[in-house]
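Take the sequences, apply the hints, and build the full model.
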Amino acid sequence: MSSRTMDVLEGLVKDSSLKWLLGKQSSFDEEIEEIENSPSAGANWIPELSPVANVVIRRCSKILGVAVSELQDSFKQEASESVKQPSMFPRNFLEYCCFRALALSVGVTGHLSDKSFRRLTFDMMVAWEVPSAASQTLLSVDEDPTVGLEAFSRIAPAVPIIADVIICENLFGILTSVSNSVRLQFYVYDKYLYGLERAIKKMKSQSESSLLSGVRSKGEKILELDGTVTTQPVLEHIGISTWPGRLILTDHSLYFEAIKVVSFDTPKRYSLSDDLKQVIKPELTGPWGTRLFDKAVSYKSISLPEPVVMEFPELKGHTRRDYWLAIILEVLYVHRYIKKFKINSVAKDEAISKAVLGILRVQAIQEVGLTNPVRYENLLPFNLCDQLPGGDRILETLAEMSSSRVLDRTAKAKEGTLHSISASDMVSQLGLVFGATSPKSRSSLVVGEVMVGDVNPLEKAVKQSRKNYEKVVLAQETVNGVKVDGIDTNVAVMKELLLPATEIGNWLLSLVYWEDPLKSFVFCLLSTFIIYRGWIGYVFAIATLFIAGFMVLTRYFSNREKVMIELKVMAPPPMNTMEQLLAVQNAISQLEQLIQDANIVLLKFRALLLSLFPQASEKFAVAIVIAATMMALVPWNNLILVVFLELFTRYSPPRRASTERLMRRLKEWWFSIPAAPVLLEQSKDDNKKTK
Amino acid sequence: MSSKTRNMLEGLVRDTSFKWLLGKQSSFDEEIEEMGRSPSAGTNWIPELSPIANVVVRRCSKILGVSANELRDSFKQEAFESLKQPSLFPRNFLEYCCFRALSLSVGVTGHLADKKFRRLTFDMMVVWEVPAVASQALLSVEEDATVSLEAFSRIAPAVPIIADVIICDNLFQMLTSSTGGRLQFSVYDKYLHGLERAIKKMRTQSESSLLSGVRSKREKILEIDGTVTTQPVLEHVGISTWPGRLILTDHSLYFEALKVVSYDTPKRYHLSEDLKQIIKPELTGPWGTRLFDKAVSYQSISLSEPVVMEFPELKGHTRRDYWLTIIQEVLYVHRYINKYKITGLARDEALSKAVLGVMRVQALQELNLTNAMRYENLLPFNLCDQLPGGDLILETLAEMSTSRELHRSNKSKDTGTLHSSASDMVSQLGSVFGGSSPRSRRETSSLVVGEVVVGDVNPLERAVKESRKKYEKVVLAQETINGVKMGGIDTNLAVMKELMLPIMETWNLILSVVYWDDPTKSSVFCLLTTFIIWRGWLVYVFALASLFSAIFMVLTRCFSREKLMIELKVTAPPPMNTMEQLLAVQNGISELEQNIQDANIVLLKFRALLFSLFPQASQKFAIAIVVAATMMAFVPGRYLLSVVFVELFTRYSPPRRASTERLIRRLREWWFSIPAAPVVLLHDKNNKKKKN
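Order-wise, the sequence lines are chains F and V. Here the first sequence is numbered in the numbering used here, starting from 1 and rising by one per residue. Here the second sequence is numbered in the numbering used here, starting from 692 and rising by one per residue.
Just so you know, these hints were derived from the structure itself, not from any lab. You can take every hint at face value.
In silico EDC-like cross-links for lysine to aspartate or glutamate, where the CA-CA straight-line distance does not exceed 16 Å:
| id | chain 1 | residue 1 | chain 2 | residue 2 |
| --- | --- | --- | --- | --- |
| 1 | V | 1176 | F | 592 |
| 2 | F | 339 | F | 396 |
| 3 | F | 202 | F | 220 |
| 4 | F | 300 | F | 274 |
| 5 | V | 1188 | F | 597 |
| 6 | F | 342 | F | 274 |
| 7 | F | 495 | V | 1284 |
| 8 | F | 667 | V | 1076 |
| 9 | V | 1030 | F | 660 |
| 10 | V | 1032 | V | 1090 |
| 11 | F | 348 | F | 396 |
| 12 | V | 1161 | F | 668 |
| 13 | F | 619 | F | 668 |
| 14 | F | 467 | V | 1360 |
| 15 | F | 483 | V | 1284 |
| 16 | V | 881 | V | 1057 |
| 17 | V | 1176 | F | 597 |
| 18 | F | 483 | V | 1289 |
| 19 | F | 339 | V | 1352 |
| 20 | F | 471 | V | 1360 |
For the chain F half of the interface with chain V, some residues (derived, Cβ under 10 Å), not all of them:
| id | residue |
| --- | --- |
| 21 | 492 |
| 22 | 537 |
| 23 | 591 |
| 24 | 639 |
| 25 | 676 |
Computed far set for chain F versus chain V, every beta-carbon distance over 10 Å:
| id | residue |
| --- | --- |
| 26 | 69 |
| 27 | 86 |
| 28 | 182 |
| 29 | 202 |
| 30 | 205 |
| 31 | 217 |
| 32 | 230 |
| 33 | 243 |
| 34 | 246 |
| 35 | 298 |
| 36 | 303 |
| 37 | 378 |
| 38 | 512 |
| 39 | 530 |
Glycine included, each C-beta is placed from N, C-alpha and C at the ideal position.
Here it is in structure tokens:
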């Protein structure tokens, strides 16, 4: 494998170099000369366009088999007035020609392997940046041409396999990080497309193989396979059992086959398409159930009694696990999207294909040999929508567009105009069998998710979402900054944060316990008056208004007093190991005591309810009846007043002694209630699987 | 010490045997003969009394130095009409004579050492059971005489050192634990002998030079432990441990750490000041582990951390239990004094009551009882702390004490009648008692000796009896609680889950209605509830729910044949091996840390909101608050409640589910966009932990 990869890379480099050199010399210059020498020079040259744009348009006309002037006539005929404004004509016409040519090209099976196709798509982006004759001087012929994000975002999604509207910005960022630049170079682009081609071939061969032949339906495509004899195994943990095996992801399910001698066991299927409330998340594993290694994914659903954990061992880091986590989630999310928006038939195929293509892109990126760590979920459209603020809006827009397109397709079936290249068409033309595809038709000026001369609703939603995302990223950094280690340190932070509330609580307690009789008396009178007048609502309202006022004032004076926001916490002294162990032991003892006491309280209530001790239950029932009667007959305001007075004057000087006496009587009554008996039964059926 | 004890025991046995034999033969019979032959036979014989009662009365008259007839005349003169009823006369007259004689006898220093005195007090109890002529036949002279609880309860408290009204039931149970519910003279005599020795020990220690630098003259040393002849007492402060000796006085606890050849300066731990002291059993072990249940912890507002006194012994924790109890007795008596503002002579009486309690416990320790002793049952203030209604007993005691004080100051004529109170008891033991007013033959109140009233039950006894009845109920209930306590967190959690099952099922039912799993049910519930709120009938709903609970309890009682239903059946979780337990602990700690961290982040975000670290978010929050406040102020409560309920309840209804999910997502995104306020960790340079 390694040797084969080396050979492929060498071939790629050689081929790239040669083509690059050749293209540089012959591509534009040669074609320009050819156009000038041609007898029909007048008919092929459009004066408003730059020479580069003219070259690209000439290539498009060749692909389409029509003259440039005919394209111009079609554009004028089909486009709306706003698209035909003179100032926008060059770029819009260029887009028109490019999109039509691309729509035709992607219909050819194996178009990615066509070097001229790869070159053409890149040149389209170059031309897009300088479509007009007036901007020609910006291009320096001596430099290697590169393209910016805007050009990439406009052209690349026209070929669904290359990019997707939702993730193209992230894709561009990754491709440009290879050369440590903000502009895309052709050799990186070409390498990426080559990787895509190989990913497609791999998926095709795996899907057509006999893998999972007993359990997989014809419509299911195998997206990824790991844990085979040539790679590290994948370990499946269920309970405390662990099995090595291989893991297979399709566009509907996850399959695990445990290794047997010389073969694999019957596959276990973990569905991703059914509505089983699946939860998939990273997990830590280790011997005997310890949580030491962060290299696993857990799968949980209502059809399983306990979670299943797939471990992806590797020497360092958890890249392998992250990749699998992302692609499994992508399949899960696309099926949730389908169910939520009730997507069906062609639109459903499109949605699944969108996820499949996302995974193919990730596989292609893996082969580009990036040095930076890749965040796979940024390249998968449904993963990204799950994370982006407003991601649900993006999906909503996508569902609306998809539904609208189906209607358009059925409404207009005329031939001869733009093809509506969707993700499912893309996959179909890759030579794969795809179920339930209806005959294709075309809609006006729309190619897939791109529209000539305009930004479609999906792009708008994505842009809006990205702006919000930046805020969230900034806030998240502050959150990561305040995470500190150690329970004792965290408890110290919490105590410091709750200090104002604690002090207020203590102040109220001192009032209630009448430590200063005068203050308590005034407070009591004031509160009684407020309750009597029914002004509690106003008091709460004023309190909340004060909080709002405080926030506003703090904002205005926020420049000079930034320091006040910082929370200063005294870190507790470090404990040695013995002290930590003892602290744990004491905490566990206290916890057990606490649970025991709570159980006794509950058992006493049970005894009261079931009249195990009739005298106590009688008293309790009488008290309840009295309380219920008062609740029903006494006006609410008066009831609150009486309760407040009773509670507040409990520790006032005149009542303190009788309160203590009453407390003691209540405690004695409580102690005289027996607890309901508990019968412990040992479960005979519980035979734990142990090692 | 052991040899000395043996000699003493042998002497006691010999003396007792001889006296018993002699007493049996000569005590009653001899005196009866003597009285028969006396020339003044007519003057000394009371015909209504039984012969043995006459013998006891004759002895009392000798002590008092008056004739029996003169006693009779005094009784008739002083007693109420109700006491002089013919049917009650024999016993009441007997009590009158006995109490007068006892109050005179206890005035003699060292009266416990007097064998005659010990015999007399016992005979008084014997006679009390058969005071009248008509009941003479009940006594069989051939048998060794024993006494019952009733007789003991009437006579013994007349001598404060022997018994106290509050604890005499428990004392009697203790003394009769090896016999069938009746007290024998041999045990009684041994007990009194032990009391005598305890008194001597206390006097010796109090007059010694112990704590001479820090103890006031009037402070009495009650107990000392950890001396060179006994096991040491270990004091733990923080993680430091020192051996030394522990001394308890009637005001404080003192610890002297052991130094080479001598003791360190004593540390004083107050019991009399109001320092919110907490004294309770404690476990100790190396490096602060909690392995050995042999320690007492003392905590107060004047100490920065608790002090732990450990009492090492080979098996059990009897030594610790004893010390815990006597320390608490001193603490409780001072709380009683502070609470009821006892002053003057009454204060001395209260302290003496506690001191005498401690001495009784010390006496009992020497009896070598086989049963495990519960010391707190023998100490009056400990017992009042535990008994249901114990505070009523103390209240009654305070009232009686005050009342007696008034009587005493009102009438100061000196007569030859009854003496009183525990403080007199201690004074006459020859100990110096601080703050005591000059002792004189104080006037007595009518027929009252200490806490004992002739022919009647005083309020204190009544309170004690009432309290004891309730105590039995509490004991029964406590046994059920001990039966349901189980070890292991997982088992306890399983019990809790089982108990919470009805509540959880109710909650799940409500949740399913809220999530509109069945739209019809949810619609009906929503309409009904909105109607109830709108009409202001929420209160009636709560009232009805409470009434249903009460009715359920009553019905359950009526049909109480289904006892089985009360038993809670719980399936025990399977046992975990050590590795699994350790892993469970580790996971628990990790989750706890994560939870605390998340809570901190929430608090820090609120702090950031309040201080407008991120103005946009704070703006939104402030606007929301203002809107809520305005609604709270101006919209009637009922409308507000209705709107809130409808909004909350229809959140997951079919028409609103999608918009609810969208709104919740927007809220989450807003929350995630709030930065947390920064935290600066400061390390304390001054915190150098004391390590040993």
